[in-house]
Amino acid sequence: MHESDEVIEHVAMTLRRERVGVSADFDARVMERVREEARQAAGTGVWRWMTRSRTVRVSPLAGLALAAGLAGVVALAARQGDSFRTVAPSRTVAIAPPDVPAQRMTEFMFVNPSASRVAIVGDFNDWDEGVSPMRRMSDGVWAITIPLAPGRYHYTFVVDGTTWVADPAAPPLKDDFGPPNSVITVGEATT
Amino acid sequence: MTATAAPDAVLVRRVLDGDVESYAVLVVRYRSRYVRFATHMLGSAEDAEEALQDAFVRAYRSLARCEDPERFGSWLFRILVNRCRTAGARRGRRERTIVHDEIALRDAAEDHPEESVAWREEIGRALERLPTEQREAFLMKHVEDLSYEEISAATGVGVSALKMRVKRACDRLRDQLREVYSARE
Chain A
1 MHESDEVIEH
11 VAMTLRRERV
21 GVSADFDARV
31 MERVREEARQ
41 AAGTGVWRWM
51 TRSRTVRVSP
61 LAGLALAAGL
71 AGVVALAARQ
81 GDSFRTVAPS
91 RTVAIAPPDV
101 PAQRMTEFMF
111 VNPSASRVAI
121 VGDFNDWDEG
131 VSPMRRMSDG
141 VWAITIPLAP
151 GRYHYTFVVD
161 GTTWVADPAA
171 PPLKDDFGPP
181 NSVITVGEAT
191 T
Chain B
1 MTATAAPDAV
11 LVRRVLDGDV
21 ESYAVLVVRY
31 RSRYVRFATH
41 MLGSAEDAEE
51 ALQDAFVRAY
61 RSLARCEDPE
71 RFGSWLFRIL
81 VNRCRTAGAR
91 RGRRERTIVH
101 DEIALRDAAE
111 DHPEESVAWR
121 EEIGRALERL
131 PTEQREAFLM
141 KHVEDLSYEE
151 ISAATGVGVS
161 ALKMRVKRAC
171 DRLRDQLREV
181 YSARE
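The listed protein sequences correspond, in order, to chains A and B. Just so you know, we're using the working numbering here: the first sequence kicks off at 1 and counts up by one. Just so you know, we're using the working numbering here: the second sequence kicks off at 1 and counts up by one.
Be careful, since some hints might not be right.
Which stretches of chain A does chain B cover? Using the computed rule of at least three CB atoms under 8 Å from a CB of chain B, they are [as the list claims (entries may be wrong)]:
1) 18–25
2) 32–39
3) 113–120
4) 138–151
Rough simulated footprint, nothing fancy, chain A against chain B, three-plus residues with beta-carbon under 8 Å [said to hold, decoys possible]:
5) 18–24
6) 172–178
In short, the hints are calculated from the structure, not lab data. All C-beta atoms, glycine included, are put in the ideal place defined by N, C-alpha and C.
Make the full structure from the sequences, and use the hints.
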């Protein structure tokens, strides 16, 4: 065996041999969280229906009135001309009860005329490309609007199910860990 | 069919039908298989457990969207890979201590006296110096023994790019470890 290959093989063998286990209470801790998830899902169906963020499309005039009435819970992301585009307040409104943090309707846009499909994956959808397919707009623009609670999210675009592309409009992610990711910080809704 | 022998798809179906406890079988089935990858990626047993635990919970939460329950393990691994990326990025510049579990090191040294703790530590340091995407590709290919197609499915990266990452990782590891490796003999 060539010496250089021998080094790599020995590295791999050392790492494969290593006994790496989990703590004795690992299973219990996971199942505790899973049961809690199950309880919440079972016990709050109606409440979740009432509190979930939803998009309401109304006429501009009615929208202005509604927006005024719901001051504080209207949340709109973003920067015009950037990847995150302002959504007109008269058209899209995020609704949440007073004690639930308002989600911000955040529109992501991505330009790729040659793609046949584009999805966005990120912390907000478990990096599952089946969850958030983007809509094809004109001129090769792909868009999707996602309600996001205040926080910091990593995300990336998946082109044709195979290629991960960081958002060219977002600042480069420092200390990126792995394939190209972008980051968006969603702030508290302005009241 | 006992729960422990049930295929993944059967267990996933039971969980989706409301039998939450069947999920424990999936946890037991995959936690030992995947904790090694997370530990090598994050360089910390504690961080690895957290990422793995998070992956299991997120997988449960999204279970209805698992399109191929027979391949639950691959789907879970994909979630774990992303949890590791997120955890690594979140950690930022915090110092990463790649070797980690003193008990594992001690056991490894006892089982294989030729594998000194010092050698393992050198490997840890060399891994840490790799760009994260190269470390990820190297570990999946050479330690987890996945095919390039499997790695591509887990990472969303094309096979050609993955081959390049693995090659570069191997080149860097050779450069960094050749001397130490020769000195061991």
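Taking the hints in turn, this is what the structure says about them:
no., hint, in the structure
1, 18–25, "holds (count 6)"
2, 32–39, "holds (count 5)"
3, 113–120, "violated (count 0)"
4, 138–151, "violated (count 0)"
5, 18–24, "holds (count 4)"
6, 172–178, "holds (count 4)"
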